[in-house]
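**Student:** Residues in the sequence shown are numbered consecutively from 451, following my numbering.
Simulated from the structure, these hints should not be mistaken for laboratory data.
Don't take each hint at face value.
Label pairs and their computed distance ranges (CB to CB) [claimed, not checked]: (1) 455 x 481: 37 to 43 Å; (2) 585 x 503: 20 to 26 Å; (3) 471 x 513: 39 to 45 Å; (4) 513 x 558: 22 to 28 Å; (5) 465 x 503: 50 to 56 Å.
Cross-link-like lysine-lysine pairs, in silico, BS3-like; alpha carbons within 25 Å at most [as the list claims (entries may be wrong)]: (6) 579 x 479; (7) 491 x 579; (8) 491 x 479; (9) 579 x 517.
Beta carbons: idealized from backbone N, C-alpha and C, even for Gly.
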Amino acid sequence: MASSPLWRGGGKIFPNTGEENYTQKINRKMYRAGFAAILSKLVSENRLVVVDDLTVDSPKTKQLAQKIKGMGVDTNQFRLLIITDSIDENLYLSSRNLANVLVLEANQADPISLVRFPNVMVTRNAVAKMEEMFA
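Can you build the whole structure from these sequences, using the hints too?
**Tutor:** Structure below.
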């Protein structure tokens with residue numbers, strides 16, 4: 451077994467160090483256009499649900515799970531992204547124990563999170579906030 455990089459089967463001359471950065475800068479107009487395109491695709495596929503308000507009285511996972519199931523989304527089969535204008539403590543605490551549910555504020559939502567989740571639930575206030583951010 452050869453360890454010299456010059457020999458067949460040897461090691462790499464300049465291996466990855468783990469500190470490489472593969473991120474690329476995206477122009478603001480392109481970012482906004484991509485965000486809008488993803489949202490319109492979600493709407494056309496009926497994967498985006500807009501709700502008036504999503505609040506939980508107490509930090510109980512069961513209450514949030516029942517509320518989500520009542521809206522027609524099965525979190526056992528599909529992952530769900532919930533976007534709100536501001537996360538209240540009860541909603542955050544009750545969603546932590548649901549494996550397929552992620553709660554984000556409107557300013558934290560990004561195109562990657564929208565693409566990763568098959569179902570997206572957005573509150574009306576969050577829609578207004580996103581329109582304000584991307585207008």
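**Student:** Now tell me if each hint is right for this structure.
**Tutor:** Taking the hints in turn, this is what the structure says about them:
1. 455 x 481: 37 to 43 Å: Between residue 455 and residue 481, where Cβ atoms are some 41 Å apart, the hint holds.
2. 585 x 503: 20 to 26 Å: Holds, since residue 585 and residue 503 (Cβ atoms, about 23 Å apart) stay within the stated range.
3. 471 x 513: 39 to 45 Å: holds, 42 Å
4. 513 x 558: 22 to 28 Å: Because 23 Å falls inside the window, the suggested range holds.
5. 465 x 503: 50 to 56 Å: holds, 52 Å
6. 579 x 479: holds, 18 Å
7. 491 x 579: Satisfied, since the Cα-Cα distance of roughly 20 Å is no more than 25 Å.
8. 491 x 479: Holds, because 18 Å separates the two Cα atoms, which is no more than 25 Å.
9. 579 x 517: Satisfied, since the Cα-Cα distance of roughly 23 Å is no more than 25 Å.
Violation of the numbered hints given earlier is absent; every hint is satisfied by the structure.
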